[in-house]
Amino acid sequence: MVGLKIDGLPVRAAEGTSVLKAAELVGIAIPHFCYHPAFEAEGNCRMCLVEVEGLPKLELACSTAVKEGMTVWTSTPCVIQARRDVLEFLLAEHPLDCPICDKAGECKLQDYYERYGLFAGRFVEAKEKRNKKVAIGKGLLLDRERCILCTRCVRFLRKVTGTGELGVFERGVRAEIGTYDGVPVDNNYSGNLVDICPVGAITDADFRFKTRAWFLKKRPTVCPRCSRGCAVVVESVSGYPLGEGQRRIFRIKAGENPAVNGSWICDFGRAGRRDIDENRHVRVIRSAAPEEELSWQKGLAAIAARVRAVPGPERPGKIAVVLNSRMTCEEMALAKRVFAESLGLGKIFFADPKPGAGDGFLLTEERVPNARGAVQAGFSPRLPDLAALAATEILFIFGSHLLEHFSEEAVSRALAGIPSKFLFSAHTGPLDRSAELVFPIAVPAEKSGTYVNVDGLRQSFGRAVEPPPGVVPELEVLAYLANGLGLSRGVPDAC
Amino acid sequence: MSEDAVRLLPADESSWRLEAYVRRGGYEAARKAVASMAPQDIIAEVRRAGIRGRGGAGFPAGLKWSFVPQGGPAPKYLCVNADEGEPGTFKDRAILVRNPHALIEGMIIVAFGVGIRTAFVYVRGEYARIAGRLEEALAEARAGGFLGRGIFGSDFDLEVVVHFGAGAYICGEETALLESVEGRRGQPRLKPPFPAVIGLFRSPTVINNVETLANVPSIVGRGADWFLARGLAKDGGTRLFGVSGAVRRPGLYELPVGTPLRTIIETHAGGPPEGVAIKAIIPGGLSAPMLMAGELDTCMDFDSLAGACTMIGSAGIIVIGDRTPILDVLKVMARFYAHESCGQCAPCRIGTSWIHKIVSRIAEGKGRPADLDLILELADGMKGRTLCPMGDAAALPVRALVTKFRDELERAVSR
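If you read the sequences in order, they're chains A and B.
Under the numbering used here, residues 1 to 495 are what the first sequence spells out, in order.
Under the numbering used here, residues 1001 to 1415 are what the second sequence spells out, in order.
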């Protein structure tokens, strides 16, 4: 450990720590564009210059390592002037199209100008004209006028994905980011380029011009789309129902979790925003009378009555359940208590999305977040035997993934003879037709709970968005059912 | 002792061949170094001579070599900087053409002293034809047993690779040169680490200018005292002063460090042509802040020029006559730096371009009263704040020009 002073505050930091990071330890934010904690310092933006006592020139906070006894000042008149000058240089050739820029409101250039700039522009020359809409692949658009050449994107593609699709071309004021011979960005992590761009140079067609950053509520959660369990931030507006083409979830961005995903998420996880908004069930549907309004409480009460009508000893043979590994540990524990321990069922199956290809980095083959949680809850997840299902009288299906493993025909044939079959699903699908009642269920982003990731790491998360009115997580369904059956709900065990 | 034996540029233009070089005592210093000197003694002797880099920055060469870590598993490299991009500078090309073996011998000595087995000569792309002669000289040296395996019957090997630049001024900056040799976009690296520790291919690397290395055989062969006696006590040797612009006899003059500017310009270069008076002098390549005619008695050494707020740089002296409007000089200067900024860091990328745009506007007769102050402030915004020395190289000469010729420029602005 090394002891130094930053703005008069004593700081202790590990050897090799940069002044910029050491300052963060004591709550001093040093402005920067090109520095990113995931990469080696590049030193091209010159925004983080600070005064180090005993040195003749201002030094880069991002690349200067702490030294024993060092004294650093981050807000002297000299430093403030340097920041102003850097901002003035960057803004001179910047288009200042903030009113139509997606990044406005969360733009470092804009924020730093508010904080350290506030000068009147002195640049009266013609600005460089550049291409403002270069499609660089995967729905990403590059605006070369807004770009400040921090090269975070170039470094990300070289150092994180190793794909190196972007480079800097030309030199001087004509320098610009581009692809090599037009070969586009093509990897499963392209969305991170938008996240790390400090200005509005790289934007995503999926988000472009759809809303303003300041309207969005930003809540952290854990990505449910594979078993990695990456930290993500769901950015949404409130309001329901959604009209045609309207959005509630505007984007999913990478959260930070050094133990799991660092600062990155994959494009597959990012595309999960559609799962939250699209093809959702928002009310209970009775196939016999689809237009009928039915509350989920009433529906569940009817189900509980049917279950109660089956004498206890006959239940294991007559009632079956299909669960899924998207359920949280808390939901699994309650499912275990209700179905296995209280009702004594043996026919408890799992139907999960089929595994896909992993990418060797973050995305795993499993397309569910909590397969380990299921095992830890005491289940031995296995696919249902359709014949075993067909022999039952009451069937609970949580999730709609049966059809990924069996043909629609085989499933509907197996279910045809079952008198009572209930589907609990977030999304609409062909399985709906086979169920007597379909209950709308919250998606993971609408839940709080715990997942156990591929490496056995337990991660708890809170609700990132409100579910649509009348839509509840499995946990509430199970608890209500337990009540209706006169079972003790107990406190869900941690799995 | 023939004078040619100690001159960087022998008078006889045909004497570049190995045979002539050996005849005037060439490769004896390398033989002495490899056969009878300990590597650390070679470095010590060059350190004692205190020879300062001839490329521009003037860092003492022996000191630079001493920073290279001894031993270690990584290979070490020598990069010869023959990029010579500084406007007004044409000395290295003369060495490459007229005395290439002096460079090669200097390379052998430093390579042996530092423990280097592979050397690169980074030649600016515009010198492709000139480098043909260097290649010929290298072939002669290989055939003569001065390069390759087992030099002078020792176990010391040295291979030399000639690498061409592609026309970027910035590649004369040592770390940009390394990037370029490695096959990447030529732009400077953040320092530290310094190349002596982490340089070419992340290995310890010595980078020296052509003229610096061409001096090494004499230093090692004749000793540091001999070298120091030829210049100033603290700043020894001779330099190739390249004189261009408003003089009667432009050319290269090999003279002791510390020779007064007036002697170089008036005695050797013949002074300005008939009817022309000296208006300003750029003493060390375009990046050296200019001197006024009244500063002609400044001596051409590091300390004297630092005292005059400029530098000896590459010792390329550009004499500006009174018939040249100073705005024309500023235009050339501003255009050059804007054109050559690599674009990596913000102050240099935008600063050089902004200044160029202002100067171009003034030249179009659309000057504004605030322009000159703005140019000075932009130069201040670049000075000391950029990733590499080019920010200063661009800011300081512009600053000096605008300050020293303010009145003439004010008239151009208000035209």
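Simulated from the structure, these hints should not be mistaken for lab results.
Treat the hints with care, since some could be wrong.
Unchecked claim - Restricting the straight-line Cα-Cα distance to at most 25 Å, the calculated cross-link-like pairs of lysine to any residue (SDA-like) are:
#, chain 1, residue 1, chain 2, residue 2
1, B, K1191, A, G16
2, A, K21, A, D277
3, B, K1191, A, E59
4, A, K129, B, L1190
5, A, K127, B, R1361
6, B, K1357, A, P95
7, A, K57, B, L1374
8, A, K159, B, L1190
- Kindly indicate which numbered hints from before are broken by the structure, ordering the numbers from low to high. 2 and 4
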